[in-house]
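Q: Sequence:
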Amino acid sequence: MSKKHTYFAYILIVIACFLLYGNTLQNDYSLDDHFVIENNSKTAKGIKGIPEIFASHYIENKNQSYGYRPVTLATFAIEYEFFGANPFISHLINLLLYVATCLVLYLILKRIFREYHWLLPLLTIGLFLIHPIHTEVINNIKSRDELLSFLFALFALRMAIKYTSNKKIRFVAFSLILMLFALMSKLSSLTFLVIIPVTLYFFENLKVRNLIILCLLFLSVFILFRLSSNFLVDSNNKLREFLFYENPLFLSNGNIVTRIPMAFYTVAYYLKLLIWPFPLLFYYGYNHVPIVVWSHLSTWMSVIIVVPLIIYTFSKIKTKRVMIFGFVYFFISVSMFSNLIKPVVGIIGERFSYIPSLGICVVFACLILNLFNKNNTIRDISLKKKPILIVFLSLLFISSTFYIIDRNKDWKNRLTLAQNDINYLSKSVKAHSLLGDYNFKEFKKSKNQSHKTHFLNNAIFHYSESLNIYDKNPEINNNIGVLKYQSGIFNASISYFNEAIDLAKKSGQSNIAISNYYYNLASAYDKLEDFNNSILNFENCLQLDDKNIGAYDKLMKTYFDLKRYEDALKVNIRVLTLYPENDKIILAGQQIAEVLYGKETDYYLNLILEKGLINKNSFGKLKDEIPFK
Numbered sequence: 001m002s003k004k005h006t007y008f009a010y011i012l013i014v015i016a017c018f019l020l021y022g023n024t025l026q027n028d029y030s031l032d033d034h035f036v037i038e039n040n041s042k043t044a045k046g047i048k049g050i051p052e053i054f055a056s057h058y059i060e061n062k063n064q065s066y067g068y069r070p071v072t073l074a075t076f077a078i079e080y081e082f083f084g085a086n087p088f089i090s091h092l093i094n095l096l097l098y099v100a101t102c103l104v105l106y107l108i109l110k111r112i113f114r115e116y117h118w119l120l121p122l123l124t125i126g127l128f129l130i131h132p133i134h135t136e137v138i139n140n141i142k143s144r145d146e147l148l149s150f151l152f153a154l155f156a157l158r159m160a161i162k163y164t165s166n167k168k169i170r171f172v173a174f175s176l177i178l179m180l181f182a183l184m185s186k187l188s189s190l191t192f193l194v195i196i197p198v199t200l201y202f203f204e205n206l207k208v209r210n211l212i213i214l215c216l217l218f219l220s221v222f223i224l225f226r227l228s229s230n231f232l233v234d235s236n237n238k239l240r241e242f243l244f245y246e247n248p249l250f251l252s253n254g255n256i257v258t259r260i261p262m263a264f265y266t267v268a269y270y271l272k273l274l275i276w277p278f279p280l281l282f283y284y285g286y287n288h289v290p291i292v293v294w295s296h297l298s299t300w301m302s303v304i305i306v307v308p309l310i311i312y313t314f315s316k317i318k319t320k321r322v323m324i325f326g327f328v329y330f331f332i333s334v335s336m337f338s339n340l341i342k343p344v345v346g347i348i349g350e351r352f353s354y355i356p357s358l359g360i361c362v363v364f365a366c367l368i369l370n371l372f373n374k375n376n377t378i379r380d381i382s383l384k385k386k387p388i389l390i391v392f393l394s395l396l397f398i399s400s401t402f403y404i405i406d407r408n409k410d411w412k413n414r415l416t417l418a419q420n421d422i423n424y425l426s427k428s429v430k431a432h433s434l435l436g437d438y439n440f441k442e443f444k445k446s447k448n449q450s451h452k453t454h455f456l457n458n459a460i461f462h463y464s465e466s467l468n469i470y471d472k473n474p475e476i477n478n479n480i481g482v483l484k485y486q487s488g489i490f491n492a493s494i495s496y497f498n499e500a501i502d503l504a505k506k507s508g509q510s511n512i513a514i515s516n517y518y519y520n521l522a523s524a525y526d527k528l529e530d531f532n533n534s535i536l537n538f539e540n541c542l543q544l545d546d547k548n549i550g551a552y553d554k555l556m557k558t559y560f561d562l563k564r565y566e567d568a569l570k571v572n573i574r575v576l577t578l579y580p581e582n583d584k585i586i587l588a589g590q591q592i593a594e595v596l597y598g599k600e601t602d603y604y605l606n607l608i609l610e611k612g613l614i615n616k617n618s619f620g621k622l623k624d625e626i627p628f629k
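Under my numbering, read the sequence shown as residues 1 to 629, first letter to last.
Derived by calculation from the structure, the hints in this document are not laboratory data.
Hints may be right or wrong, so weigh each one.
[Stated by the list, open to error] In silico BS3-like cross-links for lysine-lysine, where the CA-CA straight-line distance does not exceed 27 Å:
| # | residue 1 | residue 2 |
| --- | --- | --- |
| 1 | Lys584 | Lys563 |
| 2 | Lys452 | Lys409 |
| 3 | Lys445 | Lys412 |
| 4 | Lys441 | Lys563 |
| 5 | Lys527 | Lys505 |
| 6 | Lys447 | Lys427 |
| 7 | Lys444 | Lys527 |
| 8 | Lys505 | Lys547 |
[As the list claims (entries may be wrong)] FRET-style restraints, in silico, Cβ to Cβ:
| # | residue 1 | residue 2 | range |
| --- | --- | --- | --- |
| 9 | Gly22 | Trp276 | 21 to 29 Å |
| 10 | Asn533 | Asn255 | 15 to 23 Å |
| 11 | Pro387 | Leu367 | 51 to 59 Å |
Glycine included, C-beta positions come from ideal geometry on N, C-alpha and C.
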């Protein structure tokens, strides 16, 4: 293929990317985007936050902390520095990263398929471009980690190939550095530690000795990544709560034997998604994807599909055929998402099939071109049946294009996405839970009463559906309780709050979360004027979270309304020890003291001065600012 034709192919790739995904630019944030850019304290600092990003977990809050993806978060920090929270820019960057990935990939395919017909790399990149499974990683801004990880891994492969051409050691160094960047974007690229040597084995005739050395070098990169991340970041990960309904395999306590049947099922499921990507869904997980065991028919159907394919593939490695490479690439890249090595959050995810999809595209490119081959080889392609090929590929490309563009519209925001997919996810705990969350948020934002009622009812419905599938979720019970509280149905809300507390204690949920449930329960009792239970549960709340200023405020007000002024003053002093010199707290304390001690106006100030809660310099200032009688 001439340079002129190559440049023409590059232009076609860029045009195709924007044609397929140009309408993503009008979309808002969705799914977990708020974790990385909307509500992320580190990325919101802009460039100044990058040192902290490299010393922190990917997700880090009071309930959970896990992962290490500093390169990805750094791109969000840089983006925020110049553009703020701008979904258009975020989507544009994701699209440009996809364009770059396709261009680099085509460059690699041209090189490794250089001994074959020029249609092979072109058709492979074409099939990759139009595969609908990629819609999630491009539309979901958070999935920039997948885009960056694959892009850096491809650059690493490109540098390794350059080394085989000219034997200059600097390209090995570049490859190792780029691989480190890929791992620091997301661990999805981990399988490239094997894929790169395998690719060189198939197409670059690298000596076995050099391949072994290269494998050891890439292994050292992974070790360096692990050591540096453990050194820079607290190793005590706090995994997200309620992992059971993300994937029940998390409860297997690392027992790999229990995961083997699920691994076969998972690989077969990904094969199905990559061959027939209908319908596409934003979430799979429990109980949409069943947890299979050896006694299930679906397990053995999966074994019948997967095992012979694996045996055939790895028995033919020495042939170095392109189709065999495609299968090898697929099985290696999908292995870390198979639930065999470790359980995967969500069990199955379209984003996890992004990197493996290349292998299936290679296989199908070979199958299509084999229909037009001579002498059973794709080196010599007969185009006598060219019209048939053109018609077939045209129908495939057109149908995929319309499907992708239409799917992009579903990703307009988190609510449109969930509403579109829920019909296919009637058994998914998390899908109903998320749709409940999205309606809850819209309920809180809406100013129109009819709209508020609509979102309220929808939220309760989907939360209830989630509980019908899995009734051990304290958070969902609490959320329904809050919605009942907002509707003025306080007695009903109390039963949900109590259930949330009981389930949270049994599941080992964090004290902060349980404290919030107690706060909600106390507030409901307060509305019913059951002040004894209200006081009891505010105290329960503060026992678990003694920094909850809202609970102190409500407890103090309740005591005051009950004319238990001494108790109110005691609460005031308690909270002032945590938040000294808080003017609102001091003013409240002074008002309580006035009721207790009449016109002894300096009593309260002297009391808190003696206790060391304010300094002498603040004393005069407070006397001037607070209107003492």
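Q: Are Lys445 and Lys412 close enough, with their CA atoms no more than 27 Å apart?
A: Within the cut-off at roughly 18 Å; holds.
Q: Given the hint that Lys584 pairs with Lys563, test it: the Cα-Cα distance must not exceed 27 Å.
A: holds, 20 Å
Q: Mind checking the alpha carbons of Lys505 and Lys547 for me, to see if they're no more than 27 Å apart?
A: Roughly 20 Å between the alpha carbons, so the hint for Lys505 and Lys547 holds.
Q: Would the hint linking Lys452 and Lys409 be met if the CA-CA limit is 27 Å?
A: holds, 24 Å
Q: Straight-line Cα separation of Lys447 and Lys427 no greater than 27 Å?
A: violated, 32 Å
Q: Against the 27 Å threshold, does the CA-CA distance of Lys441 and Lys563 hold or violate the hint?
A: violated, 38 Å
Q: Does 51 to 59 Å hold as the CB distance between Pro387 and Leu367, or does it fail?
A: Given about 19 Å between the Cβ atoms, the range is violated.
Q: Do the beta carbons of Gly22 and Trp276 sit within 21 to 29 Å of each other?
A: The hinted range 21 to 29 Å holds for Gly22 and Trp276, with Cβ atoms some 26 Å apart.
Q: Check whether the Cα positions of Lys527 and Lys505 lie no farther apart than 27 Å.
A: Measuring from Cα to Cα gives roughly 25 Å; hence the hint holds.
Q: Determine whether the Cβ-Cβ distance between Asn533 and Asn255 falls within the hinted range of 15 to 23 Å.
A: Check failed, 44 Å falls outside 15 to 23 Å.
Q: Decide if the proposed pair is consistent with the structure: Lys444 and Lys527, CA atoms, cutoff 27 Å inclusive.
A: Distance ~20 Å between Lys444 and Lys527 Cα, so the pair holds.
Taken one by one, the earlier hints fail for this structure at numbers 4, 6, 10, 11, listed in ascending order.
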